[in-house]
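Trainee: Sequence:
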Amino acid sequence: MSNPTGPAHRSVASIRRQSITQSAAPGPPGVPHTPLRNIVSSYGSPSTLRAEEEIVIVELGSRYLRAGFAGDAVPKAVIDFGPEEQRRPGDYRRWDVGYEKKWRDRIQGKSWSEEHELWRPDLRGLDLGFVGDKIERAMREVYAKYLLIDSRPRRMTLVLPSALPLPLLTVVLDTLFTYFQPPTISLLSAPVLTVVAAGVRAALVVDIGWAETTVTAVYEYREIQSLRSIRASKILVQEMYKVLAEVLDPERVHGDSLETTGGVEPPYALSFEECEETVARLAWCQPAQKKKPREVSKGLTPVKEEAEFRSSFRSMNLDDPVDTDPMISVPVNSSTPPRTLHIPFSKVAAPCETALFAPGRSYRDLDDEELPLHELVYRSLLRLPLDIRTLCMSRIIFVGGGSNTPGLKARILDEVQAIVETKEWNGVTGKAVEQFHNNPILQSNRPKQAAGGPIEIGRSSDANAPKVLAGLAEQEPDPIGDLLKREARKGIPSAEQGYLRAVESLGAWSGASLVSQLKAPSVSIIDREQWLQHGVAGASRSAEVSAATQRQSMGPGAFKAGASERSSWTLGLWALERRLYHVTARFQQSEVPRPSIAPKITVDVKDIRQRPQVYEKNCLERNYKDQAAYPARINALHEEWQAQQHAARELRERNNKLKLLIANPTALNTSERKEVQELKKLSREKAIEEARSLKDKLSAVESKEDFLSSEINSLAASIPNLTSDETPRGTIPRIVGYINDHPEPHPSSSDRVWRSHIHIGSELSLLDFQGAATTSGWGWYYLLNEAAQLEQALIQYSLSVAKARGWGLVSPPSMVYTHIANACGFQPRDQNGEQQIYNIQQNAEDVGRKPELSLAATAEIPIAGMKANTTLEEEDLPMKRIGVSRCYRAEAGARGVDTKGLYRVHEFTKVEMFAWTLPSMAASSEVFDEMVDIQTTILKSLGLHCRILEMPSTDLGASATRKRDIEAFFPSRRMKDDGWGEVTSASICTDYQSRRLATRLNLRSQGSKLVFPYTVNGTALAVPRVLAAILESGWDEERLEVRIPKVLQPWMDVLS
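Residue numbers (numbering that gives the first Met the number 0): 0 to 1055.
One should not assume that every hint holds.
Calculated lysine-lysine pairs in the DSS-like style (CA-CA distance at most 30 Å, straight line) [said to hold, decoys possible]: (1) 975 - 899; (2) 685 - 696; (3) 518 - 1008; (4) 879 - 802; (5) 849 - 144.
Quick list of simulated restraints, FRET-style, between CB atoms [said to hold, decoys possible]: (6) 164 - 359: 44 to 52 Å; (7) 385 - 681: 18 to 26 Å; (8) 840 - 631: 34 to 42 Å; (9) 810 - 611: 40 to 48 Å; (10) 165 - 1004: 27 to 35 Å; (11) 946 - 807: 28 to 36 Å; (12) 705 - 611: 33 to 41 Å; (13) 705 - 285: 52 to 60 Å; (14) 791 - 1009: 37 to 45 Å; (15) 385 - 288: 25 to 33 Å; (16) 631 - 807: 51 to 59 Å.
It should be emphasised that the hints constitute simulated quantities derived from the structure, not laboratory data. The beta-carbon is built from N, C-alpha and C at its ideal position, and this holds for glycine as well.
The whole structure should be built from the sequences, with the hints applied where relevant.
Mentor: Here it is, written out as structure tokens:
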């Protein structure tokens, strides 16, 4: 309970009462209050359900990380990757004397801005491991400092640039899956989400980032084109450095590059931090040189950034920058000695001009990735089909850190408008084009449209010009059809299109938050288990986009699509030329629905395929005759699966070439001459028809491939664990030893009267089977008086023995998901092989919608499931737990007099031991021996005569590789098994359960290698059977009483 007089942030009430109107701006929280967030569940303790519903949105850039919850308008955390943010705990170098002056020593041998970057497009020389460490540290800070949540697995949505290099994407996913265990990660494209956050369906996204500027055309939430240029914020900062360094030291010669090349470049005059801050505070962009301002015929007028910029400088007591060129003061502390630079205000606009617009340089001298921004935007629009261009040019979205430079947006739009007025939308340039435009004779020969109507079909100004066939001519206007269209469009506002216009967007992160909150399906989903098992090879699939889902356009490269097919479009599709990560569950663990946090089975199918004879022999030795045929069946299915993969690969290659042929025939690889020539012979209609046919064939092949993979994994999950060498083969157990002496040395010659615990319980009013049969049926019982007290004494004594040896106590639930029970391999079989667990009947509306529940047959199931979908640390092993629970078993099958009483019941109390160990037989055997020693100690102190057996292979369950039972002597069962009856057991399950429960182990001693731990379980005490053995062994016929063992008397009110 919280103390009302204590600090406010310690009170639960203060957390819930936090004002809804609290600012959601990113950054460190101003007060130590837990930020308010929506709780979907109405339960009193909704942590588990909330963790299943919550989605963490993460946007990753080259220099920052944004994170928050789905449904929020802005991220709760914005983490920078600068050197100060990446300092390790205990690193106090910042407080060293002269630390700020030693910045040149810290960047020796590195790029000027390398310490501030998470990654760069050029991966050569990039330490990907260090990138993963930075991401891990940033995410831990996000969880602990900003989101204030635990490490419970939560789904993630990852917002990334669509052209992120594959090795970087692999590092990001490995880091998130390894350290934060999200069950799934949805990959979404940043440009698409930017369009979503702008409230439009089509736009041209201009992302002026750090290392590069990308211009992406989005239509109907799909990326259809992307161009890039290296002219971005990084070059802008470099150019600002040249300006400042020139003022600082005019005699120094500054080259074009600021990269360190083996000491050839002189030491840096200024630090990166000061140059970047100068850009953020002072850099601005000069307006375009034009005679009259750009006219906007309709729609929203772009923001007049020059006017805003001018007003901001009036507040700084500076003269109007348009009329004068004032001097500004820039304090520089990183120089030696520190100085204050006086720079003309117009000079701080030069870096933007040089870095982003490349004045004085011909475009013919520039590579495609060196184009200035306005030319990049123009070429992006030029490459688009006409109908899409008219929409995108009126929806230009500027994002990225560089877009905040005052005057830059208006300058780019003005420059693009100037290019359009000069070149129009004509991508062909050269002397011939100029001569055509400047020659009036050639212009006069062009057919001109009459003022009152269209050009007459077949009519030309040149009598010798070839006539146009009617089938190829443009269709004459239909006035009736036009009138009907106008009537249908009445009341519907027309779309803004056909002119240059900038629109605002909340950004990619806000778009992802909206999409996730609306639960819109994502095309790119990475499943954690599949990724950890197969990596990129098993979690990647090429994007196959059919003609039916393409944009509805009649421009070049367009396909026709029905309106009904638009409902199948989903957000977050990557560009067609990039790889699409799309992982779905390849198999099901059970027939019932599974929640999103349910563990995924990871069976070592490869080992089964490589050693089928070993697994087949193992199944036969365990009497699993049906499963003995599974290894051979798996190999046959795997060969068929490989054939399907080969067929799918060929279909995809053919389909990709057809798409290129339809969209742009010149883009086909001319080196494959034979196939290219064959494709070029196809007409457009034939190519589209074949593409549709290939889509259907590919869908059928992929369905068959998924079915085969699911069947393989299902069969592999049904194969029992391999048997240990310590286990005897056959049906006869091996006697290991005995506990205590036999209660009667010579039972054959003795006249001692032995009574069953049923008679004893009735005689002393300890057991009531008749009342339980009336209440619940056969197999239930009542413990009365001292018997109920004896049950609690047995529980407390067994717990005290285990606790003294360092075992932790746990009180597990009695109800579990059915798929958790199946993952533990618990399917107890009786003589008739009937099902032995109780399932909870579902309501009719819940069948097929909610997971099925079962009553736990043993505490082993909920204790093992306690660490499902988690990663254990090496230093925490062995992790030993002991718990008390009620167990429920159907116990169906043949019954007789030997199963009456407490020996075989439907519900009973059991004390269970469970442990996770290192993945080695030595480590698991050590815990196994400790369990057997605890069992022996308990039974020996109770005075029961027992024998220890190494159980044979036919008696092992599916999960056990080795099993050791302890049987007690029941005088009433002398006619059955010579009086022996099982009271405890212990088993080693290797990684059988951990693979099916997704319990992993982080081996930091081996470089954080992820493996599956071994599990060991054992029964400390099965209370009803031990109670029955005590009643029969301790019965005194003369005194008509039962002797209570001394170790139990402290919990029995000193009964004897």
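Trainee: None of the hints should be skipped; say for each whether it holds.
Mentor: Checked hints:
no.: 1; hint: 975 - 899; result: 12 Å, holds
no.: 2; hint: 685 - 696; result: 16 Å, holds
no.: 3; hint: 518 - 1008; result: 34 Å, violated
no.: 4; hint: 879 - 802; result: 10 Å, holds
no.: 5; hint: 849 - 144; result: 35 Å, violated
no.: 6; hint: 164 - 359: 44 to 52 Å; result: 33 Å, violated
no.: 7; hint: 385 - 681: 18 to 26 Å; result: 25 Å, holds
no.: 8; hint: 840 - 631: 34 to 42 Å; result: 39 Å, holds
no.: 9; hint: 810 - 611: 40 to 48 Å; result: 44 Å, holds
no.: 10; hint: 165 - 1004: 27 to 35 Å; result: 30 Å, holds
no.: 11; hint: 946 - 807: 28 to 36 Å; result: 30 Å, holds
no.: 12; hint: 705 - 611: 33 to 41 Å; result: 23 Å, violated
no.: 13; hint: 705 - 285: 52 to 60 Å; result: 58 Å, holds
no.: 14; hint: 791 - 1009: 37 to 45 Å; result: 42 Å, holds
no.: 15; hint: 385 - 288: 25 to 33 Å; result: 30 Å, holds
no.: 16; hint: 631 - 807: 51 to 59 Å; result: 44 Å, violated
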